[in-house]
Amino acid sequence: MAACSGKRVSEQELKSYILNDENGLHKNRKINDIDIDVFYRPAELVWIKDLEEISDPVKREAQQEAIDTLSYFMFHFSRNGKEIENAYVSNSSEFTSVINYLSFDIANDIHIISGSDTTDALDVMYARTFGGMGSTGVMAIFNKDVRKNNKNIKVYFDDSVFGTGNSEFDFLIDDIKKTPTLTINKL
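Read in order, the letters of the sequence shown correspond to residues 1 to 187 in my numbering.
Among the clues, some could well be false.
To be verified - Distance ranges between label pairs, derived from CB positions:
#	residue 1	residue 2	range
1	Asn-152	Thr-69	36 to 44 Å
2	Ala-127	Tyr-156	33 to 41 Å
3	Phe-104	Asn-150	29 to 37 Å
4	Lys-151	Lys-7	21 to 29 Å
5	Thr-96	Asn-32	40 to 48 Å
6	Met-133	Ser-90	17 to 25 Å
7	Thr-118	Asp-175	14 to 22 Å
8	Met-139	Glu-13	29 to 37 Å
9	Thr-119	Ser-160	14 to 22 Å
10	Ser-103	Asp-175	27 to 35 Å
Calculated from the structure, these hints are not laboratory results. Computed from a prediction, not measured in an experiment: that's the story for all the values here. All C-beta atoms, glycine included, are put in the ideal place defined by N, C-alpha and C.
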């Protein structure tokens with residue numbers, strides 16, 4: 001993997017590292033009654049289960065190289081401490097519209113800018129949790145390895161549904177590059 005710190009950590013240690021605000025990989029903003037959290041998600045955290053199942057070192061290395069071409073950022077949205085879509089359940093057409101937005105159309109509203117280079121979200125992943133979480137999670141996938149940048153990253157969310165407008169989240173490239181590497185268990 002292309003992580004630059006050289007430090008190897010467990011899955012739980014990496015998750016804790018990312019969410020520790022001192023490491024610069026987690027940003028948040030409150031707009032009216034909506035909280036937006038954005039954090040960098042290393043590719044190996046997304047693909048850990050698949051990587052652990054590959055016992056052949058050559059095949060594992062090939063898979064790691066393939067996933068290193070993508071970058072991931074997680075978005076968590078909440079309104080008054082609850083999943084954002086819960087605010088729309090009393091109106092079935094609005095609720096359906098919000099679910100469709102979170103599942104597909106939100107990708108059109110998420111971008112990364114580094115210098116003069118703009119990268120649109122390639123896709124998003126949204127999984128319904130039916131009120132089981134305190135926020136709604138959406139993972140944005142970018143067809144770019146941001147760790148290869150030399151300039152800082154701005155993640156933009158130009159909200160077209162929730163009324164929060166355009167939000168910008170600044171990430172220092174050095175913080176992303178010094179993210180520890182995940183220790184992948186061998187079979």
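| task | Give me the numbers of the hints this structure contradicts, sorted from smallest to largest. | result | 1, 2, 5 and 8
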